[in-house]
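S.K.: Each chain is listed here by its residues.
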Amino acid sequence: MRVPVMNRASIDAMTDETAVAGRSLWADARIRFFRNKAAVAGLIVLACVTIFALFGQFLTPWSNEEVDWGMLGQVAEVGGPSLENKHYFGVDELGRDLYARTVQGTRISLMVGIVGALISVIVGTIWGATAGYIGGRVDNIMMRIVDVMMAIPYMFVLILLLVVFGRSILMLFIGIGLISWLDMARIARGQTLSIKNKEFIEAAIAIGVSTPTIIRRHIVPNLLGVVIVYSTLLVPSMIIFESFISFLGLGVQEPSTSWGALISDGASQMRYGVPWQLGFPLFFFIITLFAFFFVGDGLRDALDPKDR
Amino acid sequence: MNDTLLSVENLSVTFPIKPQGAWPWTPMLGLKAVKDVSFSIAPGETLGIVGESGSGKSTLARAIIGTVPTSAGAVRWQGTDLTTLDVTERRKHRRDVQMIFQDPLAALNPRMTVGEIIAEPLITHYPNTPKNEVKEKVRDLMSRVGLLPNLINRYPHEFSGGQCQRIGIARALILKPKLLLCDEPVSALDVSVQAQVINLLKELQAELGLSLIFIAHDLSVVKHISSRIAVLYLGRLMETAPAKELIEHPMHPYTQALVSSVPIPDPDAESNRQAQSLSGELPSPIHPPSGCVFRTRCPKARATCAENVPDAQFPHPDHAVFCPHFQE
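In order, the protein sequences belong to chains A and B.
Following the numbering used here, the numbering of the first sequence begins with 1 at its first residue and continues without gaps.
Following the numbering used here, the numbering of the second sequence begins with 1 at its first residue and continues without gaps.
Hint data in this document are derived by calculation from the structure and do not stem from the laboratory.
Please read all numbers here as calculations on a predicted model, not as lab measurements.
Among the clues, some could well be false.
Each pair of labels, with its calculated beta carbon distance range [to be verified]: (1) A:193 - B:277: 39 to 49 Å; (2) B:72 - A:148: 55 to 65 Å; (3) A:148 - B:192: 53 to 63 Å.
By construction, the Cβ of each residue, glycine as well, lies at the ideal position given by its N, Cα and C atoms.
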């Protein structure tokens, strides 16, 4: 075999000034993630559900509050899913279009899930990273606050909040925001404790980087892998949480709706021969949760290849 | 003395240790990692610090750089005691003293590119430097430490250990420090790469007029780079002398044992070598032996050794030995 002769020119060509793009750990993780079929399928399902929630209402002439008077009183006989009268998913017990209501409910439920997860990521990560990095008394005080808040039966508090301040979507977000970051703060703190003894943190201190910058530049980016995985698993639990509140009748207010409210209504109408009223919301609920779990699993494998 | 850059005076570092099964009110035990260490270093000089594992070499370096709290003594940087400064003042002084770490990969943030890592000291101390200038400096420094400047956007995990150590050196040098602390910079590298890194440090030192404090447990590495060597045992100084003198005429029994244990790269000489091995293990730094800490393993130990902590003896003005019986 002939060995190619490396002359000066070819070496120069290799070492020319164009900077080689590095492959970051994030890029590595992305490649691993897209190799995982179940996770990609989950991602596609999530994308479809999101598109459905954002643009679904343009496909129907009905709105989520309009009553189709022709259906009233004979929902079981003529209210089923049909393409002729444009009630693709049928109507609910008051003759409102279930397709429009499902679109609207999907929007609320996804929003609750995403807002809950966002609050928990932002507040929980900063709280946990600060407590873990500074340590000592600050850590003790901050984590005891978390412990105290965890000890409060949050379902009870949330129900009280909704009863006292009235049922509104804002109150629901506040309630979810109050509780969702607690677990995240603990996870972030634990992870910070293992990162803060690494030599690159010591190097940063030796360089003279200030404490807030160390947390922002060195701790948080190294936490994010764990945090992202946990937050994708947190979104479905937030959705379930909201559904439960709505199922109890304390969530969103009519005529707005959410998956939990729709499922609750559908379940109460089951014996009148209108299975579509339960079936469609439940279908969306289940595929979304499954998709989130698959994506979360895929992310965990992709971001932490050692843990597989 | 104006020509000393850094002087360490009776420096002690004691870590509080919770005894086993302690109650919250049980008094803490003190682990004396470094005790009464004094030395000074002139501009352009290289001080080697040797000692076995657990002798407090790294703690000493961290006390100088200020990442572990000191419990007594002073670290004087051109006359100012760094241990008494407040946080902001201390931060300003950090640009003059930089450090290279033992584990090259662990010392680099895996989520940052090489360019960001090397530029970090610069943007920390001079946040208003224009981006082009920062990039220019980083590229310049990368080629100086023997890295291709076009690797600027790569991430640490894409480099070998030796390259990572070069990145660490580049980061330490970007602020043009006057003193570089090297905490076992080559012990995680293989021998051929060790030589490259040490020669790089020597070159850079000659070029930039740096002072080095070079910590290692390998005497043959330290001998190659240092102008003076200090020997540490259980956090105490045993002997300091010019490098050549210390290797050729070790006076302290511990140094003698260390020097005689260095293998000779010649099979004939090696087989005739009389290694003077020490028996026993390093005593606990929580309950160190009274008097001279080395007496439990010293071949010359006698009853009086347990009584007083030995003072420095000076066989030459430059050569300090902490053993009263070194002449026997």
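S.K.: Work down the list of hints and note, for each, if the structure agrees.
M.R.: Tested hints:
no., hint, verdict
1, A:193 - B:277: 39 to 49 Å, "40 Å, holds"
2, B:72 - A:148: 55 to 65 Å, "41 Å, violated"
3, A:148 - B:192: 53 to 63 Å, "58 Å, holds"
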